[in-house]
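Chains as they are written, first to last, in numbering that gives the first Met the number 0: chain A, 0 to 148; chain B, 0 to 148; chain C, 0 to 148; chain D, 0 to 148; chain E, 0 to 148; chain F, 0 to 148.
The set of hints was computed from the structure by calculation and includes no laboratory data. Note that the structure is a prediction, hence the values are computed from the model and not measured. It is possible that some hints are incorrect.
Where chains are identical, the list cannot tell them apart; a pair therefore holds if satisfied intra-copy or between any two copies.
Said to hold, decoys possible - Under the rule of at most 25 Å between Cα atoms (straight-line distance), these lysine to aspartate or glutamate pairs were calculated in the DMTMM-like manner:
| id | residue 1 | residue 2 |
| --- | --- | --- |
| 1 | K64 | E111 |
| 2 | K38 | D116 |
| 3 | K134 | E63 |
| 4 | K46 | D116 |
| 5 | K133 | E63 |
Protein chains: 6
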Amino acid sequence: MPSTIGKLTALLTMMHDHAMGADIVRKLEADGYRHTVGKVGSMDSAKVIAAIETAAKNNRVIDEKRYRETHGLYHAILEALQGVSRGTPQIRDVLRTVGLTFAIVRGPMSTEQDQPDEGEWICVCMYGTIGAPKKGFEHEVLGFGINHI
Amino acid sequence: MPSTIGKLTALLTMMHDHAMGADIVRKLEADGYRHTVGKVGSMDSAKVIAAIETAAKNNRVIDEKRYRETHGLYHAILEALQGVSRGTPQIRDVLRTVGLTFAIVRGPMSTEQDQPDEGEWICVCMYGTIGAPKKGFEHEVLGFGINHI
Amino acid sequence: MPSTIGKLTALLTMMHDHAMGADIVRKLEADGYRHTVGKVGSMDSAKVIAAIETAAKNNRVIDEKRYRETHGLYHAILEALQGVSRGTPQIRDVLRTVGLTFAIVRGPMSTEQDQPDEGEWICVCMYGTIGAPKKGFEHEVLGFGINHI
Amino acid sequence: MPSTIGKLTALLTMMHDHAMGADIVRKLEADGYRHTVGKVGSMDSAKVIAAIETAAKNNRVIDEKRYRETHGLYHAILEALQGVSRGTPQIRDVLRTVGLTFAIVRGPMSTEQDQPDEGEWICVCMYGTIGAPKKGFEHEVLGFGINHI
Amino acid sequence: MPSTIGKLTALLTMMHDHAMGADIVRKLEADGYRHTVGKVGSMDSAKVIAAIETAAKNNRVIDEKRYRETHGLYHAILEALQGVSRGTPQIRDVLRTVGLTFAIVRGPMSTEQDQPDEGEWICVCMYGTIGAPKKGFEHEVLGFGINHI
Amino acid sequence: MPSTIGKLTALLTMMHDHAMGADIVRKLEADGYRHTVGKVGSMDSAKVIAAIETAAKNNRVIDEKRYRETHGLYHAILEALQGVSRGTPQIRDVLRTVGLTFAIVRGPMSTEQDQPDEGEWICVCMYGTIGAPKKGFEHEVLGFGINHI
């Protein structure tokens, strides 16, 4: 089982409905990480961002009353979205649509290293499909972002 | 076990030295996929691209005599690198360095679907760290690209 | 008369209503290239992409049932659009409008070279005007993309 | 008191409602610069551009009948907007909103140097906030562009 | 024969060694346009820019003593380079090399319209190949930029 | 006197050698902000970043032993550099050079508001010139970035 926040987030995103997903959740819970998994499908990049922010707030991965936490999460989302769109986060404007599963994980960079000074980080991963707005005319996509929080 | 080229490539990149990695390799071999895993660390984005192209050629994932295969791989690499650099593929110019494991997988989009007309695709995933050229001053990174070949 | 797919596509785009355009069409037909010319004017980048995709499908430049052909064309369009917008493919968001003639040509890279292994490529060129949504407040623009298909 | 068009524009943008702002306006008037200050708040990047263009025309900073002046101003605005959005000029598409004060100044590069051959330049500065569409969930932002006119 | 600066520049770039090239040069000379054609091959984007600036100065397309003319040309070159690189003007950093023919033309927007108020514009076009630093592993490329001067 | 970290940083950058600069420093000191001002001139974007990071560490604006502080500063620098380069942080690759004064300020978002939960932010501003590597062939430039720390 991996021990870093990034790998755990990426594996959770892709394997959340496999046995491995349950193992990862147990590990995250045991080590005090906050986390959530969700889905969003849209041609509107703003809706993708909003869905992830809402999931993070509703599941208390971030404190919705603190702007600095929203700011930290926002930039992690934007970085993941740059991986999904490979460049500028444009979806509808370039005639694409996405169907994504995402995971958000918050806690130390590693479950093993003891770096109390380095505090918490937040990691966002998105996995799914991108393509023309026509069934089957799409391929897989994966985006990943991380930020201090 | 997942059945799509993208998920298999991403999991192979992150889990190649776990039991899961061996399972994925067995599945890829059984289903006729070409594949390879390698490592590269550099401040020079051109070296990262060259390392992946060389690994693909040496391990016969692509036919090095056909430009169209190099062209297909090149754009998949560039897309993965955009995820790693979150935007423009710059490393040294923005005072960063990367240490990456990569996997390259070539074959049908899925091991299950029967879409002979859709031919082969090539998928590149990179996982590792990006950060200041100073030990420990780095965080995880993940990039992913896919193209028809 | 030029012999490469890119130059033929660019000249066809700009000279389709001159004598040279007819010569190019004859050459393309004689050498077995698939091709079409069309026009689109919009502030919506997605509409520009859709118009070119539709023209390619209706004129059988690509097989609309194969996703890999749509994928190959899509990235050629996007590259041409980056030339038109000089950077990110934004039109309305940066208060511009475009009036474009486009050509799409599919076949070998050259009418002269004998490279059967290199298969077919698809080339998209767009020529027209970009500017403020006000008559005469615009200048010429030219974009070009090419991809293996 | 600074003597260059860029510093005067930036200071005017940020200090227009302080005593310093009045001093800058007096200096600009004495030295024959055309100038204006305005405000715009929007999630729509096109509206930000339109507001600045309209202010420039209404206050005769540019001659609205000459496309080349609109073109010169447009690119200065776009550059300033890239500073505001830090990269691609996207606002709503990445779920942000802006509230901006802007200044536009036109004249020689410096009030001191005697470079009659270098003609006139136009400078655009924007200062304000960018953030989530929720009161207080925003931080300051500053963008700056300059062009020959 | 076309009558706009952009089309004339693009055709001159691609057809300068055909009969059409000589016709364009005659038309440009008759109508008082300044112009030049040159070649540059490099992995270094700065060398491409420098070669075009030098050609423009040596052939008096711009007055090398006036910064505003260099500034106007520079941005036209950068826009053309964005078409060549399809996005960020990177060449070596993404392991590519270019071999380009370029033309630079300066004068009114059109040989036919009578718009004395709109003054002069400068247009830069680049045509050639981009690809891996290996003979034959390249495809055609076309970039275009225009600016008021 | 302004009361927000962004405006104070921008004014300090531009007015550090005027009377206003001394006033700002007094205010920053009185309110417990950490700050520094420095200069850097280079064609190398990595050197610009390194100079600002070094100044921040040497003047204890950030704790050089904590990666999360370096990470927070790094992204603020990168955002400011995007304003300076108007897009991708490229300098030498697009044949430019910069001469910059920068300020770095760390503390609460405002000297007036009482938002203890929102913690500290770091703001980076750069002001100077960008242009061809030839004396006088340059114009002013201004970049600005802010991040939670």
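Consistency of the hints with the structure:
Proximity of K64 to E111 under the C-alpha cut-off of 25 Å is restricted to the inter-copy arrangement: shortest distance 20 Å between copies versus 30 Å within a copy. Taking CA atoms no more than 25 Å apart as the test, K38 paired with D116 passes in neither setting, with 33 Å inside one copy and 30 Å between copies. For the identical chains of this complex, K134 and E63 are inter-copy neighbours only, at 13 Å across copies versus 36 Å inside a copy, given an alpha-carbon limit of 25 Å. Taking the closest pair of Cα atoms, K46 and D116 never come within 25 Å of each other, the shortest separation being 35 Å inside a single copy and 28 Å across copies.
For the homomeric pair K133 and E63, the shortest alpha-carbon distance between copies (11 Å) is at most 25 Å, but the shortest distance inside one copy (36 Å) is not.
Checked against the numbered hints given earlier, this structure breaks hints 2 and 4; the rest are met.
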